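Peer 1: Turn these sequences into a full structure, and let the hints steer you where they fit.
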Amino acid sequence: MPTTTKKAKPKEGSHRGSAQSSANRLNVQKTYKLFIGGKFPRTESGRYYTLKSAEGEQLGNICRASRKDFRESVLAARAAFKGWSAKSAFNRSQILYRLAEMLEGRQAQFIDELTMQGSTKVAAQKEVIAAVDRLVYYAGWCDKYQQIFSAVNPVASSHFNFSVLEPTGVVVIVAPEENSLIGLVTTAASAIAGGNTSIILASESKPLCAVSFAEVINTSDVPGGVINILTGKLSELIGHFTTHMDVNSIVYCGDDRAMIKKIKSDSTSNLKRPVFRTAINWLSAEAETPYFISDMQETKTTWHPIGI
Amino acid sequence: MKTKRKAAVKANKTNSSNGSMVDISLKFDEGWSYSPAPESTDHVSIKERYGLFIGGKFVKPALGKYFATINPATEKKISEVANASSADVDKAVKAARKAFGPWSSLPARERGKYVYRISRMMQEKARELAVIESMDGGKAIREARDIDIPLAAAHFFYYAGWADKLDYAFPNKKPTPLGVAGQIIPWNFPLLMAAWKIAPAIAAGNTVVLKSAETTPLTSMKLAEIIQEAGLPDGVVNIITGAGDTGAALVNHPDIDKIAFTGSTGVGKIIQNAIAGTDKKVTLELGGKAANIILDDAPLDQAVEGIINGIYFNQGHVCCAGSRLFVQEDVADTVIRKLKDRMQTLIVGDPLDKNTDIGAINSKEQLATINRYIKIGKNEGADFYQSKCKIPNKGYWCPPTLFLNVSQSHRIAQEEIFGPVLAVQTFRTVDEVIEKANNTPYGLSAGIWTDKGSKIFNITAKLNAGVIWANTYNKFDPTSPFGGYKESGFGREGGLPGLQAYLNLG
Chain A
12 MPTTTKKAKP KEGSHRGSAQ SSANRLNVQK TYKLFIGGKF PRTESGRYYT
62 LKSAEGEQLG NICRASRKDF RESVLAARAA FKGWSAKSAF NRSQILYRLA
112 EMLEGRQAQF IDELTMQGST KVAAQKEVIA AVDRLVYYAG WCDKYQQIFS
162 AVNPVASSHF NFSVLEPTGV VVIVAPEENS LIGLVTTAAS AIAGGNTSII
212 LASESKPLCA VSFAEVINTS DVPGGVINIL TGKLSELIGH FTTHMDVNSI
262 VYCGDDRAMI KKIKSDSTSN LKRPVFRTAI NWLSAEAETP YFISDMQETK
312 TTWHPIGI
Chain B
3 MKTKRKAAVK ANKTNSSNGS MVDISLKFDE GWSYSPAPES TDHVSIKERY
53 GLFIGGKFVK PALGKYFATI NPATEKKISE VANASSADVD KAVKAARKAF
103 GPWSSLPARE RGKYVYRISR MMQEKARELA VIESMDGGKA IREARDIDIP
153 LAAAHFFYYA GWADKLDYAF PNKKPTPLGV AGQIIPWNFP LLMAAWKIAP
203 AIAAGNTVVL KSAETTPLTS MKLAEIIQEA GLPDGVVNII TGAGDTGAAL
253 VNHPDIDKIA FTGSTGVGKI IQNAIAGTDK KVTLELGGKA ANIILDDAPL
303 DQAVEGIING IYFNQGHVCC AGSRLFVQED VADTVIRKLK DRMQTLIVGD
353 PLDKNTDIGA INSKEQLATI NRYIKIGKNE GADFYQSKCK IPNKGYWCPP
403 TLFLNVSQSH RIAQEEIFGP VLAVQTFRTV DEVIEKANNT PYGLSAGIWT
453 DKGSKIFNIT AKLNAGVIWA NTYNKFDPTS PFGGYKESGF GREGGLPGLQ
503 AYLNLG
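Chains as they are written, first to last, in our numbering: chain A, 12 to 319; chain B, 3 to 508.
Fair warning: there could be bad hints in the mix.
[What the hints assert, rightly or not] Going by beta-carbon spacing under 7 Å, a handful of chain B positions derived as facing chain A:
| no. | residue |
| --- | --- |
| 1 | P173 |
| 2 | V469 |
| 3 | T474 |
| 4 | G497 |
[Claimed, not checked] Okay, the calculated bits of chain B under chain A, using three or more residues with CB under 8 Å as the criterion:
| no. | region |
| --- | --- |
| 5 | 275-281 |
| 6 | 480-486 |
[As the list claims (entries may be wrong)] With a straight-line Cα cutoff of 30 Å, these simulated BS3-like cross-link-like pairs (lysine-lysine) come out:
| no. | chain 1 | residue 1 | chain 2 | residue 2 |
| --- | --- | --- | --- | --- |
| 7 | B | K457 | A | K93 |
| 8 | B | K438 | A | K98 |
| 9 | A | K272 | B | K96 |
| 10 | A | K98 | A | K50 |
| 11 | B | K464 | A | K98 |
| 12 | A | K98 | B | K457 |
| 13 | B | K464 | A | K155 |
| 14 | B | K457 | A | K155 |
| 15 | B | K454 | A | K155 |
| 16 | B | K271 | A | K244 |
| 17 | B | K271 | A | K272 |
| 18 | B | K464 | A | K50 |
| 19 | A | K93 | B | K464 |
| 20 | B | K342 | B | K366 |
| 21 | B | K283 | A | K273 |
| 22 | B | K175 | A | K155 |
| 23 | A | K93 | B | K454 |
| 24 | B | K366 | B | K78 |
| 25 | A | K272 | B | K100 |
| 26 | B | K176 | A | K272 |
| 27 | A | K155 | A | K93 |
| 28 | A | K79 | B | K438 |
| 29 | B | K392 | B | K366 |
| 30 | B | K356 | B | K79 |
| 31 | A | K98 | B | K454 |
| 32 | B | K175 | A | K272 |
| 33 | B | K175 | A | K137 |
| 34 | B | K176 | A | K155 |
| 35 | A | K155 | B | K283 |
| 36 | B | K283 | A | K244 |
| 37 | B | K392 | B | K380 |
By construction, these hints were calculated from the structure, which means they are not laboratory data. Treat the numbers as computed from the prediction; the structure is a model and nothing was measured. Note that the Cβ used here is the ideal one computed from N, Cα and C, for glycine as well.
Peer 2: Encoded structure:
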């Protein structure tokens, strides 16, 4: 009925009426939600913030995640850690590759969302393609970084001694504010390639791709809880991130000096490993490195006697 | 001295009604007594007073203050060392900064050769260093001689060779040194910790200011003399002495690029907090509460040796000490009987005696801490057992101690005691012991004893610890990375990761 009576013609390229909009059909809008433990809940707090485009057009009501949402995410990530870290490297590799396959098929949606949030069409296309390739890149590392960073140590006594990397555990990732897709994809991929589980806070000003990426994750054989995605305000959540006693590492992608200081200082609560990714060109080869995997790893050294 | 010999072994029939159960108890208290075999000290040169080693020279402290360092086995003063003030720290950092440019631009091979030279001279003076280490810190000469000093020299030797090979160490990276490193070490392995800190730092092209521990400054002063003798360029290594204030001044000095700290988790957290607003890099080697796990198929006699070595090595002043023993239920009685027998054979006394197994507790304060925990253990209801060995009248001593029937919530099972006190628990299944072993904020080390390889790899993979000894314990090597998970700190010392801690990978 409304299709015939109302001239609902949203602007082209806006979220509220996406690329396939037509003059005589009301678009079905997406509710942007959180992604916790493989499910898509809205924030338990019921709060939201309204995302607008540069032109002031409303793009969506975004969940403003609460401390409780974060704590639920940590529970989910911790529960998923045992299984994910025990998966064979080959299996993890295939699952990351599957992520690339899923993203490849949904390029248009991500290009749309990036464009709505201010990217040019060309830049959006470039970022989405790079994100797909980035997933393939890190998929390949899953069963190789150990061979680069592990060692058999030639100790002087009669022992067999070797060092391997093990995942740090549950990692909180503050995704970069700009390059909201590829920054998030790079950091998430490098964390889970190494067997960690993660909670990611999406870019506050550009959260759309993060939520849509959760849909990609959900169709890619990534077990629930391995990647959890929150949207909301960093200033409100950071204190909870740094002081949670069951988080092992916090990765901050940004360059706010005060934030870096706070993270370093507050994470002494349980000595989480603070990792900083400042001034990274996420689209460049700089963001393709096994050192992004190894800085979320612990070295474990094992000794065994020889001959007795 | 006359040696008294009596029958060392007596057979006691404990269940003689059917004659089938014969318990062999070892009565060591009636057995051998050893003649003293003290290491001589006449060849050792210790000055009456040491200044601060800054810019290649021993200099007087700015405020002219010194403090005594005593022998914890005799409570007698050995020497005195300078109490470095913040002015002295500043002077040392300036000397290190001045030396950094030339040192880091020296041809890498030449840099390495200096480090080799230090190692060689330490080997030449090994006996003297071992005796002083034993006198100053109370550790048994056997351990100082066979472990501390050779390993310290080996650390310099290992890292020396890396100096001109850094481009091969980290694939696709061109590493550069960080600058000036401030290093703070504890009193349990004074010279070895100095070596762990200084060797990788200077081999990688950094310069350092090292603060030795308050109660054990002497071998670091001897190391300073060796560094002088080796002709290392002035200011590359600066060694200062003092207490907590000196350490704080070093941590907070604005011209430091890197802090490396070994010590308690509490102080480690304070340090990280203090430098949070700076670009200083940090590595922390902190406390531990390691699980030493004995499965029922373990070689029990070897395991008992491993338990003894795990907790009583260096008077238990070891961050990676196996201070929580987990024994599988069906062998618990046997293991504990063997353990008690073996404890009774340990000789506690003069650290300079070559027969001594357990030397003096490092300081009066540490002895008070240990005794406080023993009291806590008793009050919490655990069963107390201590070796009935004789201990000297003077000095600080603690006989080998264990607690049975300990539960997870007991403070003696949760907190680091840093003394010869073992908390014993039992378990039924492997899953249970993994759960219990990981139930601690620490994650430095662990031990596992079983004759089945597949069990070893199952358990070592699931324990949250940086160093795991399987069918052995408390082994160290310069090529082997050392450091912990969780609140045992971050970063590694030893091996390639130990080198990375002193480099910018860019």
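Peer 1: State for each hint whether it applies.
Peer 2: Against the structure, the hints:
{"no.": "1", "hint": "P173", "verdict": "holds (6 Å)"}
{"no.": "2", "hint": "V469", "verdict": "holds (5 Å)"}
{"no.": "3", "hint": "T474", "verdict": "holds (5 Å)"}
{"no.": "4", "hint": "G497", "verdict": "holds (6 Å)"}
{"no.": "5", "hint": "275-281", "verdict": "holds (count 4)"}
{"no.": "6", "hint": "480-486", "verdict": "holds (count 5)"}
{"no.": "7", "hint": "K457(B) <-> K93(A)", "verdict": "holds (18 Å)"}
{"no.": "8", "hint": "K438(B) <-> K98(A)", "verdict": "holds (23 Å)"}
{"no.": "9", "hint": "K272(A) <-> K96(B)", "verdict": "holds (26 Å)"}
{"no.": "10", "hint": "K98(A) <-> K50(A)", "verdict": "holds (21 Å)"}
{"no.": "11", "hint": "K464(B) <-> K98(A)", "verdict": "holds (13 Å)"}
{"no.": "12", "hint": "K98(A) <-> K457(B)", "verdict": "holds (18 Å)"}
{"no.": "13", "hint": "K464(B) <-> K155(A)", "verdict": "holds (21 Å)"}
{"no.": "14", "hint": "K457(B) <-> K155(A)", "verdict": "holds (25 Å)"}
{"no.": "15", "hint": "K454(B) <-> K155(A)", "verdict": "holds (29 Å)"}
{"no.": "16", "hint": "K271(B) <-> K244(A)", "verdict": "holds (27 Å)"}
{"no.": "17", "hint": "K271(B) <-> K272(A)", "verdict": "holds (14 Å)"}
{"no.": "18", "hint": "K464(B) <-> K50(A)", "verdict": "holds (28 Å)"}
{"no.": "19", "hint": "K93(A) <-> K464(B)", "verdict": "holds (9 Å)"}
{"no.": "20", "hint": "K342(B) <-> K366(B)", "verdict": "holds (27 Å)"}
{"no.": "21", "hint": "K283(B) <-> K273(A)", "verdict": "holds (16 Å)"}
{"no.": "22", "hint": "K175(B) <-> K155(A)", "verdict": "holds (18 Å)"}
{"no.": "23", "hint": "K93(A) <-> K454(B)", "verdict": "holds (23 Å)"}
{"no.": "24", "hint": "K366(B) <-> K78(B)", "verdict": "holds (13 Å)"}
{"no.": "25", "hint": "K272(A) <-> K100(B)", "verdict": "holds (29 Å)"}
{"no.": "26", "hint": "K176(B) <-> K272(A)", "verdict": "holds (28 Å)"}
{"no.": "27", "hint": "K155(A) <-> K93(A)", "verdict": "holds (21 Å)"}
{"no.": "28", "hint": "K79(A) <-> K438(B)", "verdict": "holds (28 Å)"}
{"no.": "29", "hint": "K392(B) <-> K366(B)", "verdict": "holds (19 Å)"}
{"no.": "30", "hint": "K356(B) <-> K79(B)", "verdict": "holds (22 Å)"}
{"no.": "31", "hint": "K98(A) <-> K454(B)", "verdict": "holds (23 Å)"}
{"no.": "32", "hint": "K175(B) <-> K272(A)", "verdict": "holds (27 Å)"}
{"no.": "33", "hint": "K175(B) <-> K137(A)", "verdict": "holds (28 Å)"}
{"no.": "34", "hint": "K176(B) <-> K155(A)", "verdict": "holds (21 Å)"}
{"no.": "35", "hint": "K155(A) <-> K283(B)", "verdict": "holds (28 Å)"}
{"no.": "36", "hint": "K283(B) <-> K244(A)", "verdict": "holds (29 Å)"}
{"no.": "37", "hint": "K392(B) <-> K380(B)", "verdict": "holds (22 Å)"}
Taken one by one, the earlier hints all hold for this structure without exception.
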